[in-house]
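Enquirer: Sequences and hints are given; from them, build the entire structure.
Now for the letters of each chain:
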Amino acid sequence: MVDEGTRKTLSSIPLLKTKAGPRDKELWVERLKEEYQSLIKYVQNNKEADNDWFRLESNKEGTKWFGKCWFFHDQLKYEFDVEFDIPVMYPTTAPEIALPELDGKTAKMYRGGKICLSDHFKPLWARNVPKFGIGHAMALGLGPWLAVEIPDLISKGVISYKEKTG
Amino acid sequence: MGTVEELLKINEELRNKLEELTKKNHAARSKIDEMSSQVVDSNPYSRLMALKKMGIVKNYEQIRTYCVAVVGVGGVGSVAAEMLTRCGIGKLLLFDYDKVELANMNRLFFQPHQSGLSKVEAAAETLRNINPDVNITTFNYNITTVDNFENFQSALLTQGLSGGPVDLVLSCVDNFEARLTINTVCNESDLNWFESGVAENAISGHIQFIEPGRTACFACVPPLIVASNIDEKTLKRDGVCAASLPTTMAIVAGFLVQNALKYLLKFGDVANYLGYSALNDFFPTMSLKPNKNCDDNFCRKRQEEKLGKVEEKVRQEIEEEGPVHEDNEWGISLVDESVIDEKETTIAASGIAFAYTVPTEGQKETQGTSGTSKEVSLEELMAQMKAI
Chain A
1 MVDEGTRKTL SSIPLLKTKA GPRDKELWVE RLKEEYQSLI KYVQNNKEAD
51 NDWFRLESNK EGTKWFGKCW FFHDQLKYEF DVEFDIPVMY PTTAPEIALP
101 ELDGKTAKMY RGGKICLSDH FKPLWARNVP KFGIGHAMAL GLGPWLAVEI
151 PDLISKGVIS YKEKTG
Chain B
1 MGTVEELLKI NEELRNKLEE LTKKNHAARS KIDEMSSQVV DSNPYSRLMA
51 LKKMGIVKNY EQIRTYCVAV VGVGGVGSVA AEMLTRCGIG KLLLFDYDKV
101 ELANMNRLFF QPHQSGLSKV EAAAETLRNI NPDVNITTFN YNITTVDNFE
151 NFQSALLTQG LSGGPVDLVL SCVDNFEARL TINTVCNESD LNWFESGVAE
201 NAISGHIQFI EPGRTACFAC VPPLIVASNI DEKTLKRDGV CAASLPTTMA
251 IVAGFLVQNA LKYLLKFGDV ANYLGYSALN DFFPTMSLKP NKNCDDNFCR
301 KRQEEKLGKV EEKVRQEIEE EGPVHEDNEW GISLVDESVI DEKETTIAAS
351 GIAFAYTVPT EGQKETQGTS GTSKEVSLEE LMAQMKAI
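Line by line, the protein sequences are chains A and B. With the first letter of the first sequence counted as 1, position 117 gets the number 117 in the UniProt record's numbering; the numbers rise by one all the way through. With the first letter of the second sequence counted as 1, position 60 gets the number 60 in the UniProt record's numbering; the numbers rise by one all the way through.
Think of the hints as simulated: they come from the structure by calculation, not from any bench. What you are looking at is a predicted structure, and each value in this text was computed from that prediction instead of being measured. Built from N, CA and C at the ideal position, the CB exists for glycine as well.
Chain A is faced by these chain B residues, among others (derived, beta-carbon under 8 angstroms):
#	residue
1	T144
2	T181
3	L378
4	Q384
Expert: Printed below as a string of structure tokens:
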């Protein structure tokens, strides 16, 4: 279902406990704090393991998230904008992570650049409500997607390396 | 840039085209005040009103007093909306945030020249042309986002024909998030609705009637799928997200509207769950009781409210019903709510299974959760995240 590497990464991302979505005023703030703490730990883990691969931030309500993710292929860094909304039914339903600049470039996407997740993602998410948070969605959803799709898109010439000037 | 002559020529061509289109629109009929059962070629309702004469429906003209919300105007929703429009429904609310694309052309209803238009606007135009008696209101947004949720809920509660709630909601969406959003609104507001779906491999589909508190809601059990009799492991997903067929979608839309009509006009029996497996032409049906431990508070609240009502009905049914079929080839049976077992993935071998299983309350471990310290503020955490 999930490979050993992903399983190991997953187990080191702190689990959450507050089952609250954006419609739950005060509890949502509590959930958001858990989300941030879990994400901070996950990013720190990644840095320590020399596997830093994304940054995220949100609006002050915590309902819209945006940031960057990157992927190394043949020692070149490919970087993409990431964005997603927290669905009104979160955390029962997982966020739909999108890479807008790749919209229309791969069939493994839904409208608006939302990545097409594996059959395993939603069942796994459903089994782990409310313990899984945004960090888990990144590790289980976007991470494996990038690992499969980006090398394929590069080999097809759909995306090419852009030298960073700044 | 062209010359003046060229531009004048283009102008002339466009004028002619406009005139043609105006003529086409005038060909549409004018509104009809009352449904007539007179059998003449010019009466668009004669064959529908004939249902009364044949004793199938007692009160066909009442269809004009009903308002139905169609959420999702894609392969199933657009066809369902057309069926309801042709049947002379009173009012339709159409919800979708997508645009028509050429990739949609393997399904019914939309036409290539509508590419780029919003699905709700394109649909409304076609439907008004087919039947100007239907009052059509469109909502072009994504119901699953926080910004639109309130508007969606208030539309369902206030856009009915008399300013009250709609009479029925048809879910024709293609994702779990939207289904759960509809489920939440309908549980909170006690609205009856039909869920519908077509599998991403296009070879199975289902409809499910949900009356909050009386039948299982969408959150009571994991989503149900019709067993496709093909090994999931052999299903190739290389380079594709989803497949679709106009046939499967139209069949599901037909099931959906057929049951919506039976529900609204009170004839025949309304299916609680009806599945369709294309590969072996198998149509399982069953009833699903609500889950007493449903995750949705409002589902549990509706169950309490309707407990008395349900028991009374069950008693009546037991007294009246003898065995309907002598044989039971497919092993179809009623399912008890206690079926939600971690290991149990098939329901009484009826060809319907849960899409996945969820741990029961006792199996959910609470250890290892992060737990925040109250002292840290959200602002501090946001700043910390930014600073990494």
